[in-house]
Amino acid sequence: MTSTGGTRTDTRGARTAGSFPAACSSYAIGWILSGAGVLGLIASLILTIEKFRLLSDPSYRPSCSINPVLSCGSVMSSPQASVFGFPNSILGVVAFTVLLTTGIVTLSAKSGLPQWYWRSLVIGLFAGAVLVHWLIFQSLYRIQALCPYCMVVWVVTITALWYASLHLCTRSASASSRPVTRIVTVGAQNHTLVPTIWILSVASMILSAFWTYWSTLI
Amino acid sequence: MKLTTNAKFSIALVAVFAVVLGALLLGNRSGTGTTSAGASDATVLRADTHLLSTAPDNDVVLVEFLDFECEACLAMYPTMERIRTEYADRITFGVRYFPIPSHTNSGLAARVVEAASRQGKFVEMYQRMYDTQTEWGESSESQEPLFRTFAQDLGLDMATFEADLKDPTVAERVERDFNEGIDLGVQGTPTLFLDGVQLPAMPTYEELTGRIDAALAR
Numbered sequence: 001m002t003s004t005g006g007t008r009t010d011t012r013g014a015r016t017a018g019s020f021p022a023a024c025s026s027y028a029i030g031w032i033l034s035g036a037g038v039l040g041l042i043a044s045l046i047l048t049i050e051k052f053r054l055l056s057d058p059s060y061r062p063s064c065s066i067n068p069v070l071s072c073g074s075v076m077s078s079p080q081a082s083v084f085g086f087p088n089s090i091l092g093v094v095a096f097t098v099l100l101t102t103g104i105v106t107l108s109a110k111s112g113l114p115q116w117y118w119r120s121l122v123i124g125l126f127a128g129a130v131l132v133h134w135l136i137f138q139s140l141y142r143i144q145a146l147c148p149y150c151m152v153v154w155v156v157t158i159t160a161l162w163y164a165s166l167h168l169c170t171r172s173a174s175a176s177s178r179p180v181t182r183i184v185t186v187g188a189q190n191h192t193l194v195p196t197i198w199i200l201s202v203a204s205m206i207l208s209a210f211w212t213y214w215s216t217l218i
Numbered sequence: 001m002k003l004t005t006n007a008k009f010s011i012a013l014v015a016v017f018a019v020v021l022g023a024l025l026l027g028n029r030s031g032t033g034t035t036s037a038g039a040s041d042a043t044v045l046r047a048d049t050h051l052l053s054t055a056p057d058n059d060v061v062l063v064e065f066l067d068f069e070c071e072a073c074l075a076m077y078p079t080m081e082r083i084r085t086e087y088a089d090r091i092t093f094g095v096r097y098f099p100i101p102s103h104t105n106s107g108l109a110a111r112v113v114e115a116a117s118r119q120g121k122f123v124e125m126y127q128r129m130y131d132t133q134t135e136w137g138e139s140s141e142s143q144e145p146l147f148r149t150f151a152q153d154l155g156l157d158m159a160t161f162e163a164d165l166k167d168p169t170v171a172e173r174v175e176r177d178f179n180e181g182i183d184l185g186v187q188g189t190p191t192l193f194l195d196g197v198q199l200p201a202m203p204t205y206e207e208l209t210g211r212i213d214a215a216l217a218r
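Each protein sequence line maps, in turn, to chains L and Z. Under the working numbering, residues 1 to 218 are what the first sequence spells out, in order. Under the working numbering, residues 1 to 218 are what the second sequence spells out, in order.
Hints listed in this document are in silico derivations from the structure and should not be mistaken for laboratory results. Don't take every hint at face value.
Claimed, not checked - In the SDA-like style, the derived pairs of lysine to any residue whose C-alpha atoms are separated by at most 20 Å in a straight line are:
1) Z:K8 to L:I197
2) Z:K8 to L:P195
3) L:K110 to L:S25
The model shown is predicted, which means the values in this text are computed figures rather than measured ones.
From just these sequences and the hints, can you work out the full model?
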């Protein structure tokens with residue numbers, strides 16, 4: 001695996017290399033980021049297109065406005081949907097394109113991207129994750145409606161942040177102190193656990209916030 | 001393929017989550033099962049339902065559950081106005097309040113219309129709400145000052161109007177419609193009932209007249 005390309009070939013280095021599961025390799029991370037990029041890009045594009053339609057025809061009913069709870073219309077026309085004065089989905093179109101490109105380059109280029117690039121990517125993803133969490137709070141407790149495409153973006157952003165951080169850490173783990181390496185190793189060995197716990201927590205919040213609605217479904 | 005502990009833990013978490021959720025939802029259903037026996041006397045048309053058109057024989061009854069702040073109701077409004085004029089005195093057409101909680105001003109709008117109805121201006125206020133919805137809909141601020149100007153324009157006695165707006169019985173009247181809508185299975189607005197049967201969401205003018213004509217021919 002190329003993820004620990006910098007590791008020396010002595011026994012300790014080999015053990016370190018072996019202790020990071022395949023999920024942290026460039027190959028796996030390439031596919032994860034490409035997949036996240038494609039899904040996020042599709043969701044952002046649909047949201048942007050729906051926003052244009054809604055603007056040109058106020059009576060337009062977005063494809064995902066199904067009922068009072070699942071309602072892109074009420075989410076998209078809220079002030080929170082344009083935090084910076086323009087629709088948030090435009091940020092998504094730009095950011096997920098970068099993510100998709102990074103995924104493809106990671107998959108195809110042998111040498112891999114430089115360390116500074118991964119650091120910047122993780123910083124960018126972290127900023128995205130902060131925005132996403134604020135939007136989750138707004139959607140659940142202020143707007144009180146869910147927009148399916150936005151939820152795709154939530155999941156994809158968190159997954160991408162987690163795996164990109166893990167990749168960055170495992171790449172630089174050989175240069176770090178032993179406690180740091182141990183933390184990274186534990187994180188890498190339990191890589192699906194973190195996003196699973198996160199997704200289940202958000203799912204619980206969604207379920208409790210709209211409990212009356214869910215219970216009318218069955 | 002042998003599962004890693006990481007994968008096992010993640011799958012176990014998801015399974016536990018699914019089981020707990022299933023138990024909660026089923027427990028909820030058996031809970032509502034006992035109450036729905038009491039709610040089975042829910043009726044589409046009540047003696048206090050506001051009628052936009054009255055047929056002498058009350059043979060064909062069309063009832064719309066609506067929200068004054070809902071975009072889909074605004075989209076439906078021209079059709080409903082056409083139906084109202086074309087089938088005047090031939091069908092009984094009633095409207096009931098279903099203010100969706102996620103809309104900031106929908107509950108207030110319903111109370112304003114109910115307060116206006118106490119001075120015999122139900123139809124006028126109902127029309128005013130939809131005529132102006134694009135000006136105030138989706139706002140996160142209270143539109144009470146604007147609604148007050150509507151009342152003035154319609155020549156309502158303002159002291160009575162103010163008192164009615166604060167009157168808890170007005171709020172209860174709106175609430176009663178909403179709760180009965182829930183019991184009837186209304187999940188969103190507009191929801192139409194023709195002779196007690198819920199129609200598919202957002203029928204076109206042709207679909208609606210087809211059904212009404214068929215009901216009249218019976």
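Hint check results:
1. Z:K8 to L:I197: Given that 20 Å is the threshold and the Cα spacing comes to 13 Å, the pair holds.
2. Z:K8 to L:P195: With Cα atoms ~14 Å apart, Z:K8 and L:P195 stay inside 20 Å; holds.
3. L:K110 to L:S25: holds, 12 Å
Taken one by one, the earlier hints all hold for this structure without exception.
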